[in-house]
Amino acid sequence: MDWLLQQLINGLALGSIYALIALGYTMVYGVLRFINFAHADVLMLGAYAAYFLAPAVNSVIPLPSLTGAVIVTLISVMICTGIGILIEFLAYRPLRKRPRLTVLITAIGVSLFIEFTCQHSAVFGADTKPFPQLLPEHDYHFGGLVVSSNDLVVVVTTLLLLAGLWFIVQRTKMGTAMRAVSHNQQAAALMGININRIISFTFGLGSALAAIAGILYAMKAPGIDPLMGVQPGLRAFIAAVLGGIGNLPGAALGGLILGLLETFAGGISGLSNYRDGIAFAILILILLFKPAGLLGKATVEKV
Amino acid sequence: MSSSSSYLTGAKRWMIAGIVLAVVVSMFSAQFNRYHLGIIVDIGINIILAVSLNLINGHTGQFSLGHAGFMAVGGYTAAKISLVVSPMLPPALQPLIFLVALIAGGLLAALAGFGVGVPSLRLKGDYLAIVTLGFGEIIRVIVQNMEAVGAASGLKGIPKYTTLGWTFGLAAVTIYFVTSLVNSTYGRGFIAVSDDEVAASSMGINPVRYKVTAFVTGAFFAGIAGGLYAHHKQFLSPTGFDFLKSIDIVVMVILGGMGRTAGVVVAAIILTLLPEVLRQFSEYRMIIYSLLIIVLMMARPQGLFTWNRKKGAA
Amino acid sequence: MLRRTFLPLAAVSLLLPACNKSGGDGITIGEFASLTGKEATFGISSHEGTVLAVETLNAAGGVLGKKIDLLTEDNQSKAGETSNVVNKLISKDGAVAILGEVASSRSLEAAPICQQNGIPMVSPASTNPKVTETGDCIFRVCFIDPFQGTVMANFVTNTLKAKKVAVFTDVKSDYSKGLAKFFKEGFIKAGGQIAAELDFNGGDKDFKAQLTAIKSAAPDAVFVPGYYTDVALIAIQAKQLGLSVPLCGGDGWESQTLLDIGKDAVEGHYFSTHYASDAASPGVQAFVASYKKRYNGKVPDAMAALGYDSAMFLADAIKRAGSTDSKAIRDALAATKDYEAVTGKIAINAQRDAVKSAVILQVKDGKFKYLETVAP
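Protein chains in written order, with our numbering: chain A, 30 to 332; chain B, 187 to 500; chain C, 8 to 383.
Next comes chain A alone, as it looks inside the complex (with noise of 0.2 Å):
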């Protein structure tokens, strides 16, 4: 029993931050009809900028502390937000008119060139960097269960950013607007919304969502490297097709999904190897049965 829940509550920690990664996953996807390969990689560029940062924060606000960590988290959110605007701009931006197939191929080009630019030895370097603490860690013990301060952090920020995002698209103008050119972008601009400014905070968003998941990943594994996204990236994604692609609530759900399942794969002898190739293989079973995912809605191809 006590397994059970230990093996629970690790599942929701890791599916939190799955959660938070596929709801930038899902976000770019409701709006622009593509699925940001690069994103992932924006979540390992919130974790170096929280490695960086962090020396210098110290300095003035000792580490690990709550307002050290929450500087450090602010100032990493705002550049990744910055980041993931850029890379808009200048790579998907000139191609909106494009296939969705050249698109899909430049985010994967993107991609992968801030991880092999980051790997290079003038830049972070390919090898694993120790990150900082940030939080003071606590383990608290129930009985036989123990849950680390980490994990409640992690949990606690999932569900307060879930509410937030929530509030912004159902109750912002900024997020009506989101919501509509995720519907129709034509009708949308005819309506006098900017597009190229909602598509601009669509990534800003997404991106400090990953820029926050990167920094509760590198602090649950506080081993950094510029390859760190890839899986996480893989498996949110995995998690956002799961409930449903373009779907927020989807991709929260998704990410829980996945997190709970992988973990109890995970600690089930002879079956832990093939975890990657299980995420992959709930992924085609979805696809197959609900090609439009858990939360999702088929739609219909208009000849």
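Hints listed in this document are in silico derivations from the structure and should not be mistaken for laboratory results. Hints may contain errors.
[Unchecked claim] Using 25 Å as the maximum straight-line C-alpha spacing, the simulated DSS-like pairs for lysine-lysine come out as follows:
| no. | chain 1 | residue 1 | chain 2 | residue 2 |
| --- | --- | --- | --- | --- |
| 1 | C | Lys74 | C | Lys99 |
| 2 | C | Lys74 | A | Lys158 |
| 3 | C | Lys376 | A | Lys158 |
| 4 | C | Lys99 | C | Lys334 |
| 5 | A | Lys158 | C | Lys305 |
| 6 | C | Lys344 | C | Lys137 |
| 7 | A | Lys319 | B | Lys310 |
| 8 | A | Lys158 | C | Lys171 |
| 9 | C | Lys374 | A | Lys158 |
| 10 | C | Lys300 | C | Lys74 |
[As the list claims (entries may be wrong)] A few chain A positions that, by computed beta-carbon distances, are all more than 12 Å from chain B:
| no. | residue |
| --- | --- |
| 11 | Phe63 |
| 12 | Pro93 |
| 13 | Leu95 |
| 14 | Gly111 |
| 15 | Ile114 |
| 16 | Tyr169 |
| 17 | Val176 |
| 18 | Leu181 |
| 19 | Leu188 |
| 20 | Lys202 |
| 21 | His212 |
| 22 | Gln214 |
| 23 | Ile286 |
[Stated by the list, open to error] Taking CB as the label site, the calculated pair distances span:
| no. | chain 1 | residue 1 | chain 2 | residue 2 | range |
| --- | --- | --- | --- | --- | --- |
| 24 | B | Tyr372 | A | Phe118 | 43 to 51 Å |
| 25 | A | Pro278 | C | Asp372 | 48 to 56 Å |
| 26 | A | Phe171 | C | Asn356 | 33 to 41 Å |
Keep in mind that this is a model prediction, so the values were computed, not measured. Don't be surprised by glycine CBs; every beta carbon is placed ideally from N, CA and C.
Let chain A serve as the given structure and place chains B and C on it in line with the hints.
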């Protein structure tokens, strides 16, 4: 009418010329510098890979990101057969075993292609890309856990059967087969499916059949390429067939122009030679590669080698 | 169209005969290593050791009166790259001997090529037995995993008094799988019981699922024969889960990065390796001093020491052979009975492996502390 049939006979003539040339050059290969010979064989293998992927991505307009998986299936199958069977047989029979191993690899890869092609029927664009990527990864993970093929340590000691003759001979066969297929009346269906599936099906063309055929055929030749690769490098490792390898092949197809066989072949040659030529810049290689992809997509998404393209011709 | 396809192919094939090997005045030694990519720290370490050795030798006049020309190629920690670079080093650059690598899987890729060309290959730190089994041109200057596994198995049984041990293997690394297998054999032979066996993928960041399962098997110790980055994260997450038993491992642990990332979570755990930088022997201390001088105060780890040893050892063999002929070098290497290296005395046995002692280190006060030496 008559021009197309003489075109076809012309193509057959070229294939035979290609095979003969390959075999003849191969007989002198002992004179060549081993390092350069290795690169030339790599070129041949990449040509087969690029042309086979071109059938799926270029001619049929599907987006497959898991081609390395088919290569892996073919390579491991062929290698395993060689390793198990050849010690039991006299050297004279080795070319025969090699051919059998290659074909077996190709057939198993074709089966995998069928397995990938069928689920892909309902999917388009991005989803299809991800599912094919997923299949490629699943194949890699399975191989990585199969002790029979060395699991993560890889399969080593594969006999060196691949020669120039085999490689370019098979490359000639692949090119001939794919181009003849697409240029035939039946083959117009591929391009129709790529252009507009709904219109094609209303014309009586069964997109299901074409898509699956594309995957199966493409996978078959990728499997052959995998077998050649295995008996060339003499060592197979599951990490060598990952997403990045699939991307390598995809870039060749994009660079050459999706659907242009000649362009794709030239792209394969260039993209095999480039890393070797730029070896002193090898630390920048992947950076340059990825920039190349981005720039290509922005400036010339139809590929570099698409001069006077006859609409629908290969 | 087809014409355009076949003509370039034909043209290219005709260019082939016009290629020769590069000559030169020095002794060309090829080195291949993982200088970028996943195992970059190992590759960089061993490379730095090798370079230090070559510079030291050249400063003293070289070998047989000639300078050593070290040509290094990076295989990017990728499968498939090694065969390209080794082929290039042998055929294009005319290397008379090859040094490399740390990771067994990539050494396994290079070995058949060196063997077929009759070029001797000296691996600094590949511990998987299959590497030297490839052929009589392949050597290594380190011990092999059957030995290392037994060393840890005995340590765990005798010193840690553990009866039940869980084994946590990196399924992507044949080094890890091999070492785990030999540890299990040794441990069961010593009367122990395997509490649980779980796997992880090298490069993973989250191990809590498997660690939870290990914890519920209640082992006395956990054997984690992985590489340092993964081990550090495993140690941290084990601590977070309240799994407080000792962790043990092999030479894949040894890197400053283990301490940087793991911090206090790796405190008190044990691993076996090739040498200890704080060992008292004058040879080790001299090496550590000159390494620190060359590389800005960096302390050399086992890979650096082995990289250094492999180059020095090769040079010594060339001197003994009295010529730069590859076959003569190979024979001199095989005949080594008694070479004093930084990492211990090297005696090459019939399998071309070095028969050497292992040391066991413990992480104490944020540093690697020497515990004991185990002789073969």
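Against the structure, the hints come out as follows:
In summary, the hint linking C:Lys74 to C:Lys99 is supported, as the alpha carbons are separated by about 20 Å, within the 25 Å threshold. Note on C:Lys74 and A:Lys158: the hinted pairing is violated, with a Cα-Cα distance of about 37 Å set against a maximum of 25 Å. Distance check on the hinted pair: C:Lys376 and A:Lys158 sit about 23 Å apart at the alpha-carbon level, within 25 Å; holds. With a C-alpha separation of about 19 Å, the suggested pair C:Lys99 and C:Lys334 falls inside the 25 Å cut-off, and the hint holds.
Using a Cα cut-off of 25 Å, the hinted pair A:Lys158 and C:Lys305 holds, with the two alpha carbons roughly 16 Å apart. Simply put, C:Lys344 and C:Lys137 have alpha-carbon atoms about 22 Å apart, close enough for the 25 Å limit, and the pair holds. Distance hint between A:Lys319 and B:Lys310 is fulfilled; the C-alpha atoms sit about 14 Å from each other, no more than 25 Å. For the hint pairing A:Lys158 with C:Lys171, the CA-to-CA distance comes to about 34 Å; that exceeds 25 Å, so the pair is violated.
A threshold of 25 Å between alpha carbons decides the hint, and for C:Lys374 with A:Lys158 the separation of about 18 Å falls inside it, so the pair holds. Between C:Lys300 and C:Lys74 the CA atoms are separated by roughly 22 Å; this keeps the pair inside 25 Å, and the hint holds. At roughly 6 Å, the least C-beta separation between A:Phe63 and chain B is not larger than 12 Å, which violates its mark as non-interface. Taking the minimum C-beta to C-beta distance to chain B, about 35 Å, the non-interface status of A:Pro93 holds against the 12 Å cut.
Its beta-carbon lying about 39 Å from the closest one in chain B, A:Leu95 satisfies the requirement of being farther than 12 Å from that chain. No Cβ of chain B comes within 12 Å of the Cβ of A:Gly111; the nearest lies about 19 Å off, and the non-interface call holds. Against chain B, the non-interface label of A:Ile114 holds: every CB pair exceeds 12 Å, the least being about 17 Å. Every Cβ of chain B is farther than 12 Å from the Cβ of A:Tyr169; the closest lies at roughly 36 Å, confirming the non-interface assignment.
With a least beta-carbon separation of about 31 Å from chain B, A:Val176 lies farther than 12 Å from that chain, consistent with its non-interface assignment. The Cβ of A:Leu181 sits about 33 Å from the closest Cβ of chain B, beyond the 12 Å cut-off, so the non-interface label holds. For A:Leu188, the requirement that its beta carbon stay farther than 12 Å from each beta carbon of chain B is met, with the minimum near 28 Å. No beta-carbon of chain B comes within 12 Å of the beta-carbon of A:Lys202; the shortest separation is about 29 Å.
Consistency note on A:His212: stated as away from chain B, and its beta-carbon is indeed over 12 Å from all of that chain's, at 18 Å minimum. With 12 Å as the threshold on Cβ separation, the claim that A:Gln214 sits away from chain B holds: the shortest Cβ distance comes to roughly 17 Å. Against the 12 Å criterion, A:Ile286 stays outside the reach of chain B, whose nearest CB is about 17 Å from its own CB. At about 46 Å, the CB distance of B:Tyr372 to A:Phe118 agrees with the hint of 43 to 51 Å.
Taken as a hint, the range 48 to 56 Å holds for the pair A:Pro278 and C:Asp372, whose Cβ atoms sit roughly 50 Å apart. Look at A:Phe171 against C:Asn356: about 55 Å separates their beta carbons, and that is not inside 33 to 41 Å.
Hints 2, 8, 11 and 26, counting from the list given before, are not met by this structure.
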